[in-house]
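Please model the complete structure; the sequences and the hints are all you need to start from.
Letter by letter, the sequence shown follows residues -18 to -1, 1 to 483 of mature numbering (1 follows the signal peptide of the UniProt record, and there is no 0).
Think of the hints as simulated: they come from the structure by calculation, not from any bench. Possibly wrong hints are sitting among the right ones.
Label pairs and their computed distance ranges (CB to CB) [said to hold, decoys possible]:
#, residue 1, residue 2, range
1, 128, 316, 44 to 54 Å
2, 70, 184, 25 to 35 Å
3, 292, 257, 18 to 28 Å
4, 482, 159, 46 to 56 Å
5, 59, 238, 32 to 42 Å
6, 97, 303, 52 to 62 Å
7, 482, 302, 31 to 41 Å
8, 291, 70, 46 to 56 Å
9, 299, 482, 35 to 45 Å
10, 208, 303, 15 to 25 Å
11, 97, 462, 50 to 60 Å
Below are the SDA-like pairs computed for lysine to any residue, each with C-alpha atoms no more than 25 Å apart in a straight line [claimed, not checked]:
#, residue 1, residue 2
12, 27, 482
13, 206, 256
14, 166, 103
15, 202, 245
16, 82, 60
17, 310, 457
18, 17, 476
19, 34, 12
20, 153, 208
21, 463, 83
22, 114, 21
23, 209, 166
Quick caveat, the model's predicted, so the values are computed rather than measured. Note that the Cβ used here is the ideal one computed from N, Cα and C, for glycine as well.
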Amino acid sequence: MKVFTFFTLVFISLNATAQSFSWGFPFGRADETEKDITHVVTEDKIYRISSKYDLGTFNQKITVDQFSLNDLEKSGSIDLSVEQPMMGVASLTFNSMFQKEGSAFIFFYTDYDRKTKKNNLLFREVDINSGKLGELQTVMEMDTNDGRFVISQSDNKQYFAVLKELPYAKKSNEKVELFLLDDKAGILKETTQEFEFEDKRDKQHSLYVSNEGQVILVKKVDEKKEKPYLNLYTWNTAENTVSSISLKQQDDYQIPQFEGKFHESNFYFLAILTYEKSSNFGLKIDMNGRNSGVGANGILALKIDSMGKVVFNQRNDFEKIIANLNLKDFLFDSTGIWAIYDRMYVEKKSKSSNLTDGDFSYDYSYLNNGFVINKLDINTGKLEWSKTIDTAEPNTTNDNGDFLSTLFYLDGSNLVLLYNETMDLNKAKVHVIFNRRFPIKEVISASGETVSREALLSAGIGVTKEEEFELNTQFLIPVSKNTFILRASNRAEYKYGKMKF
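Next up, the structure:
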């Protein structure tokens, strides 16, 4: 914990850029634990889309809250969940949703037909502003209820990729079917991929599709008497060929976490590497200790061009193990690849004292040590430099870790971070000490140097004892070149705001 007086609070560089903030009216804070939250900004509204699996209906509960972009006031809320019959539950099951344009979305569903014994994949257009639902249309079917459909969308929203995870076939090699769809979910191309290993029940796939229709499949392989590893498959839909690369490490280092994305027709894959015996299973985590959980030993960087050729497969080992490393995102600019990590550990404990009573209610504790920034060469994948930012924030519970991460954006050739730092302030000479989370803005150059670091005293959140709202570090949405939407929270409420610079 750091102790400051008000006058020695912060260093401000001459290169710091002024920003202004405006905040909307506070609303009761929604529980976002174990929910998928997506924020969408259109010309006049902010949409908060919440999705959580409902054990009562065996379906996703989809809620859309609407806020005026002008005054940031809440204007309504719509339930877009599958309508349930009076008796029993609907056979139509939500699968995934993707933005088409503005408030126009495409929702995918599955529906098992007991008469034909087929599992159908369907879609319809949905307007998240009016709640209007289009007609359901069938995309494809699967001859079983045991399989699964995995779907992804290209950045330009012109293509969908669909993976059919076929049901388990005993003593047979595993097969999957891949499909390329247009923006109206019409099938353009398809292929079948048979793997060289036996089928498993627990299938784990990640799917990506480019703006040109190239499809990438990342698959977890778990064979007998071997450590699990990942394979990456590239489907060149133009030539209808599939190429593959194994990401298995010779020393059995594991990949517990990864991210993939397309950029300028190339596919980039970034993964955290851990020592093969590194595991958090059975460990007693000391949440007051600043080094708990699994340690990261390095990162793996992969680049594949538009033809499916591997440009680089670069492993970067760290000099020292980094505890609790979690890849948040990675960005591109003319200077290379920026990778942003949280050093966070999440501990989940059941609230039930009897482990057999089926209690699905949990307590969550969050530990954060700060952040790590990596810069990688975009042509080779080699790590150019690594920068560690220590914050040592107090641990939090049941708040989704809302205050412990970092927001970020690129400003020219610099990376800008927005995060919280808790400080003890001794008010004048009276022995009254209170803790506040100060919103911090740190600017990092392309060479890894801190250009400026300042407390955003004008943000109107944190800083004083009377101001209960603090910076929420879950999302930052650009709405123009110099304007972002963000959020502030306290234990009971949240509010949306605009940041301009």
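Hint check results:
no. : hint                    : verdict
1   : 128 <-> 316: 44 to 54 Å : holds (48 Å)
2   : 70 <-> 184: 25 to 35 Å  : holds (29 Å)
3   : 292 <-> 257: 18 to 28 Å : holds (25 Å)
4   : 482 <-> 159: 46 to 56 Å : holds (48 Å)
5   : 59 <-> 238: 32 to 42 Å  : holds (37 Å)
6   : 97 <-> 303: 52 to 62 Å  : holds (57 Å)
7   : 482 <-> 302: 31 to 41 Å : holds (40 Å)
8   : 291 <-> 70: 46 to 56 Å  : holds (52 Å)
9   : 299 <-> 482: 35 to 45 Å : holds (42 Å)
10  : 208 <-> 303: 15 to 25 Å : holds (24 Å)
11  : 97 <-> 462: 50 to 60 Å  : holds (53 Å)
12  : 27 <-> 482              : holds (17 Å)
13  : 206 <-> 256             : holds (21 Å)
14  : 166 <-> 103             : holds (13 Å)
15  : 202 <-> 245             : holds (24 Å)
16  : 82 <-> 60               : holds (18 Å)
17  : 310 <-> 457             : holds (11 Å)
18  : 17 <-> 476              : holds (17 Å)
19  : 34 <-> 12               : holds (13 Å)
20  : 153 <-> 208             : holds (18 Å)
21  : 463 <-> 83              : holds (20 Å)
22  : 114 <-> 21              : holds (19 Å)
23  : 209 <-> 166             : violated (41 Å)
Violation of the numbered hints given earlier is confined to hint 23; every other hint is satisfied by the structure.
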